[in-house]
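Enquirer: Listed below, chain by chain, are the residues.
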Amino acid sequence: MDVTLRQGIADPEGATIERALPALGFSGVSNVKAGKSFRMTIDADSADAALVKATSLAERLLSNPVIEDASARLGEVVPP
Amino acid sequence: MNRVGVVVFPGSNCEYDAAAAIDALGASAKLVWHSETDLSDYDGIILPGGFAHGDYLRPGALARFSPVMEAVTRFANDGGPVLGICNGFQVLTEAGLLPGALQKNIGLTFLCQPTTLVVTSTSSVLTSSATIGQELVIPINHFSGSYTCDDATYKALSDNDQIVLRYKENPNGSRGDIAGVANERGNVVGLMPHPERAMSTLLGSADGRVLLESFVAAHVAA
Numbered sequence: 001m002d003v004t005l006r007q008g009i010a011d012p013e014g015a016t017i018e019r020a021l022p023a024l025g026f027s028g029v030s031n032v033k034a035g036k037s038f039r040m041t042i043d044a045d046s047a048d049a050a051l052v053k054a055t056s057l058a059e060r061l062l063s064n065p066v067i068e069d070a071s072a073r074l075g076e077v078v079p080p
Numbered sequence: 001m002n003r004v005g006v007v008v009f010p011g012s013n014c015e016y017d018a019a020a021a022i023d024a025l026g027a028s029a030k031l032v033w034h035s036e037t038d039l040s041d042y043d044g045i046i047l048p049g050g051f052a053h054g055d056y057l058r059p060g061a062l063a064r065f066s067p068v069m070e071a072v073t074r075f076a077n078d079g080g081p082v083l084g085i086c087n088g089f090q091v092l093t094e095a096g097l098l099p100g101a102l103q104k105n106i107g108l109t110f111l112c113q114p115t116t117l118v119v120t121s122t123s124s125v126l127t128s129s130a131t132i133g134q135e136l137v138i139p140i141n142h143f144s145g146s147y148t149c150d151d152a153t154y155k156a157l158s159d160n161d162q163i164v165l166r167y168k169e170n171p172n173g174s175r176g177d178i179a180g181v182a183n184e185r186g187n188v189v190g191l192m193p194h195p196e197r198a199m200s201t202l203l204g205s206a207d208g209r210v211l212l213e214s215f216v217a218a219h220v221a222a
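From first to last, the protein sequence lines are chains H and G. Just so we're aligned: 15 in the numbering used here is position 15 of the first sequence, and the numbers increase by one with no gaps anywhere. Just so we're aligned: 18 in the numbering used here is position 18 of the second sequence, and the numbers increase by one with no gaps anywhere.
Bear in mind the hints are in silico, worked out from the structure with no lab data behind them. One thing to keep in mind: the hints can contain errors.
[To be verified] SDA-like mimics (lysine to any residue), calculated; alpha carbons at most 25 Å apart, straight line: (1) H:K36 / H:P80; (2) G:K155 / G:K168; (3) H:K33 / G:D150; (4) G:K155 / H:R73.
Just so we're clear, the structure is a prediction, and the values are computed from it rather than from any experiment.
With the rest of the complex left out, here is chain H:
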């Protein structure tokens, strides 16, 4: 799951990282956005069900919908 700040919400971490990049010789980098990434193992009857559960918990706990967007994607799917 990825949690990122919603469009239009100030991102002081991203801005600070962006300002530091030229000092290290990385030019031409803009729109730096900082966020959080979560990985977990989910037991479910199907990959779709796991994704639904992951999306739900990302939206209800991992993110604050007032300021953040959450998204989920499947990594490795292990059959029973």
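Put chain G on the given structure of chain H with help from the hints.
Expert: Same frame as chain H, but now just chain G:
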């Protein structure tokens, strides 16, 4: 108000200061562990500062799921006076009892300093004894105190007189210099500054007294 419950989460650290401030104003404060589910003994509830549940994930994100929060929500919905100070304010926004959210300070600096606040509404349990335009020197002590909300929420806060305190000079990037907001009824209030640390001129300022006096004087709304 006689009995004030001060909720203690694992990681709270301002509960004794808050309780001492309430006791100094003639009410009786009692610490309430976060597993408590019955708040019927109390006339008012304070969520104090600190780092509830380590502030993991986001400040207040996990505290919102502490058993006591269901009782706090019922208490608030019944019109009971609820005050969130600093981390307590963050918990109240995460729990949906107050609008908006608290973000990392602009500049990513932990701020620990006196600030001058301006009272901008007296229709809340925290500011009823103050006067509009009154300036109060009260310390802040936070990393995530930048108040954020969308345009519609900001308009509603302004229209309903819910912005109770603003910083005279914005220290953290808060939208509209907001230091504290109330819910629509005015019985739930959150602020980032610490009025319980401004109780005596000997310790720098006594300007927090008028706020906590208002709170102690508050009654359960009809």
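Enquirer: Now look at each hint and say whether the structure bears it out.
Expert: Going through the hints against the structure:
1. Of the pairs offered as hints, the one joining K36 of chain H and P80 of chain H is violated, with about 30 Å between alpha carbons and a cut-off of 25 Å exceeded.
2. In summary, the hint linking K155 of chain G to K168 of chain G is supported, as the alpha carbons are separated by about 20 Å, within the 25 Å threshold.
3. At most 25 Å may separate the alpha-carbon atoms for a hinted pair to count; K33 of chain H and D150 of chain G meet this at roughly 19 Å.
4. Between K155 of chain G and R73 of chain H the CA atoms are separated by roughly 36 Å; this puts the pair beyond 25 Å, and the hint is violated.
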